[in-house]
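Peer 1: Residue strings, one per chain:
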Amino acid sequence: MPARFGLARKTLVILAGSMLLLAACAAPNKLLVLEWSGYEEEDFWTDFKSANPEAAVTFEIGSSDADVLGKMEAGSQADVFHFYTGWQQFYVDAGLVKEIDTSKLTNWDKVPESFKELGQIDGKQYYIPWDWGFSSILYNTDEVASVESWDVLLDETYAGHISMWDDGPSAVAVSSYIHGWDETAITDEQLAQIEQEWKEQKDLNFKYWVDEYADLCPDVESGDIWIAYAWQGCYADRLYAGQAVAYANPVEGRNSWVGLYGISAKTANYDLALEFLDLKLATLTCSNLPNLFYYGCPNQEVMDAIEDPVLIEAFGLDDPSILANTNFTPPVTDAQREAWTEMWANVKAD
Amino acid sequence: MLGRRGSLRFLAVPPFAWLILLFVAPLLIAILISFRGERGPVDFGSLLQLSTLQYEKIVDSPLWVRLLGISAVMALIVAIGATLLAFPIAYFLAFRARERAPVFLILLLVPAATSFLMRVMAWKLLLGSSGAINSFLLWTGLIQEPIGLLLYSQAAVVITLIYVWTPFAALPIYGALQRIDRSHLEAAADLGSGPWSRFWRVTVPLSLPGVLATFFMVFIPTVGEYVTPFLVGGTDGIMYGNLIQDFFTRAGNWPLGSALAVIMLVITLALVAIALRVVNLRRVVA
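Chains as they are written, first to last, in my numbering: chain A, 1 to 350; chain B, 1 to 286.
Okay, chain B solo, but in the shape it has when bound (with noise of 0.2 Å):
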């Protein structure tokens, strides 16, 4: 018979296996792969001769690391924007929608059924020359002509990303209103604390650690966002990723790809933790 400890390490057992297989080794052959000196086939032989090339041509290549710059800060834009546009959503299903709260819930997620590709297609539909929006403006006579800007630019991706991340950025926030003791707010309200004081000074606060991880779940992935600048981005929207892509389909070089994904996976892993210490999170909370 197992003890409660031993039937807890036995269960950890299988998404432990599931992590290193899956995860961690693909992510060391990868760190491996980013010192090879030049691309071929992979064997373990050649995984075990290191060299710095690669690394070295990311250093002399100062566009390759300027576009991981502007990736850092349109990432920061959409999730900002993704947060800031899911905290109203998550506040009315937990604070409003009572016991319809599970309906708007699906409601919510019903257009993440639907293909990722679908719906990113849908955005060049809107944003294109002949799309809706320069449609309407026409019509309307406020333009002569289509704003070009619109579709294939930075603005385009920054848009689609924040429509595709904000259903998904309620949830975290959703889960963090939840959990606010409601007897805080009623507490509050009999020191006399209007709405709006009680929402800055005490479900703001509570939900931070929400707000947070919500931050950081839309960040995170979206420094190395590829798809969504393919799409919609154009030669301007470019973005960090793409360049990974590129050399890993259709150049064949993954010794660089590679090195420019752990470049990548330890600069966003950098900020990260830059970022949780200053926001200090057990601060604000406490």
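Extracted from the complex, chain A is given alone in its bound form (with noise of 0.2 Å):
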């Protein structure tokens, strides 16, 4: 019996001993961020960082939107997830974000309003808000006096020297601006005429490019290409670079893109993820992306703050109409991408 009753005890100490062990490992200190590859340099969540020394922040890295819904939707571990606008509806429908406690978040009044209805669905806030830029023409001023239209994208003169962005949404939606259209009520027939543009469109692009960086920014310095369709980040490199560049304002109004943050459903770590989505709009953290990646950030204070003339420039922040004049990307249906997307393929192939 005494030999029994010790192995009861050794069993249940094992047992305590291996409780403890796996509640450490589910402390409320660790964090694994579904991030885009650049956004885990620490630079990019330094006041997290200097808060919580101790909690251990790991990436999984997306390398798309697409990705990154897929690797959520296939059970990814990840607390917090990184998307950009056009893919909000998604999470929401397939239960896999947790609604935003903005109560909790200490620089939440320092994000405009217009940013904080990006992050929204049927009144309640899923998504914070983070990087954002704009999508507009980026001109060789050299070769082109200058652009006033979305349409100069298919505009032969230009022949061989144009790049468009290898997406067939924001095809669409340069095709819904020039014709005037509602991009998130596009019928059949539109997308028909859509197709049969872009294949036109097709002979006088010198490439679709795919990375701002690496892809379309080495071809704008060397020459070939003298219009693209383009980020503010590009202009801005260019512009430091001393080249001969300017960014449109067309008629048509920019367009822009939002990064957007959610918590995953499944977090055990929701308030530390709370706290590491809000000191992403703290002022260092912020400030980083239009100092290192020349994006901008919805820290109001930040932004005001930008004194370089270059980011001044390439963020239009020298006019207040600015953003008022721009086409935020709007949420689209599964439907819709699908539809996109195929078109895209089709222009691609022919």
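Honestly, the hints are just simulated from the structure, not real lab data.
Any given hint could turn out to be false.
With the Cβ distance kept under 10 Å, some of the chain A side facing chain B (calculated, not the full set) [unchecked claim]:
#1 Ser63
#2 Phe206
#3 Lys348
For clarity, every value in this text was computed on a predicted model and none was experimentally measured.
For every residue, glycine included, the Cβ atom is placed at its ideal position computed from N, Cα and C.
Two chains, two frames, some hints: make the complex.
Peer 2: If you want it as structure tokens, here you go:
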């Protein structure tokens, strides 16, 4: 009997030890972030690191919005995930995201209302906006006098020196701006017309670019590309390099994209995840976005404090109406995304 | 104690398990996903809800099917080009290099030690409008403006792929040439056959298994190539593999991407089967 009792006690001790170990492993001091390559650098979560030096933050890298969604759908253990405007609805529909308790965010009042709204679905705040920028026409002013409209991307005058981003939904957006169509309500006939337009544009196109800095900027620099669908990052890069370039304010308005962070519905570290996102909006972390990547930050105090003339020009900070005249990328449905990517596959395969 | 046959079976278990777990099973899952009606989370239950919708879409998209044909032709050119360039290299290693053959073999494979991406990007520096070739031609006065077709074209994809494959393509041919019994060549010489005649009537036929292995080793993966056309193909150099990549990584449409991949697999295997039947390897070697 004493021997069996001893065995039971040993078992209990081992069980208790195991439970303590498990508890330590699941401690709320660990955070897994499903992030885009480059943003895992400590510069982009430095305030959180300072506030939580003991916290273990690890990163899983997503290569595209589809990849991030696919990983979350496949059961990623990420506590926090990062994606871009246009994909908000999918995570809510699939029950993958937890509502944000904005009352716990200390930097929330520094975010303009228009940015906050981008993270809302049915009046609930599911996402926190973070990196943002414009899409417009970057052009070489040595070769092109001025650009007034998005239709310059389809202008035969510049055949062989135009470059479009390799993205179907963006092609649909550009055509919608040109024709004055509602991009969230494109009909089958309109989509067929868009497909035909971009098939014809293909002969004018130097290449479809994929990566802003590695793919687009070098060919703008070499002079092969005169006109490009581009983000302001490449524009700032070229301005710093002293190249004669300009960034259009098309009559139809620029486009803008915004990065959003959500907290996984499965997270066991909600409060830590919330603090991580709150401190993403803090001054030092947020200011590293424009300073290092030439991307905007939703903390208005940071943007207002920018004095660098290149960044002021790149973000149009001297134009108070710039955001009001900008088309923010709207959420689209699964069916729309599917139809638009299939349309783009037709264009590329033509 | 295991007998000889038992030992062989036992040794075969790990590689078979590896192949079944990491090759056959994913392939079957991809085939099952291709029969899904719509994208979304993949779970076992949804895998069994079969639909031919994705295949119907592909049949209704002649441009995608045409692109598969273009990719097959590009792969054919690459396979022929790489095999033709690899043969003299392999011949030199097998018949001329003698004891220095291992050194030359290592030298041949040294470029492969660098990143694939680096090697392909190097071609951008060579073929670009301000690259080495255009700069040289401009300097000589042979051209007044850079030749745009050198980069971001089908030609650029084919040239780069031939370059990438040639060192590897030499290996199976080298192996086949090494296996040739030198006494056959001596016998041919004794019977009055000249060097060219020996080469065409003895060396080439006996090396054909290696040549064909090389050809298919290059052809099959090249049909589905997507990295090289992505980097140097531009608007016109896109291949079928890029469509598959787009549907997987950019559209998140795994069912359609899987269906495109399954069709490519079936057609590529069919082409290989037809080619093997036409060539009739056994008769050639005999």
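Peer 1: All hints, please: hold or fail.
Peer 2: Hint-by-hint comparison with the structure:
Evaluation of the Ser63/A hint against chain B yields a held restraint, the C-beta minimum of about 6 Å falling below 10 Å. Hint on Phe206/A holds. Least Cβ distance to chain B is approximately 7 Å, under the 10 Å limit. At a threshold of 10 Å, the smallest CB-CB gap from Lys348/A to chain B is about 5 Å, leaving the interface hint in force.
Consistency with the previously given hints is maintained throughout, with no hint failing.
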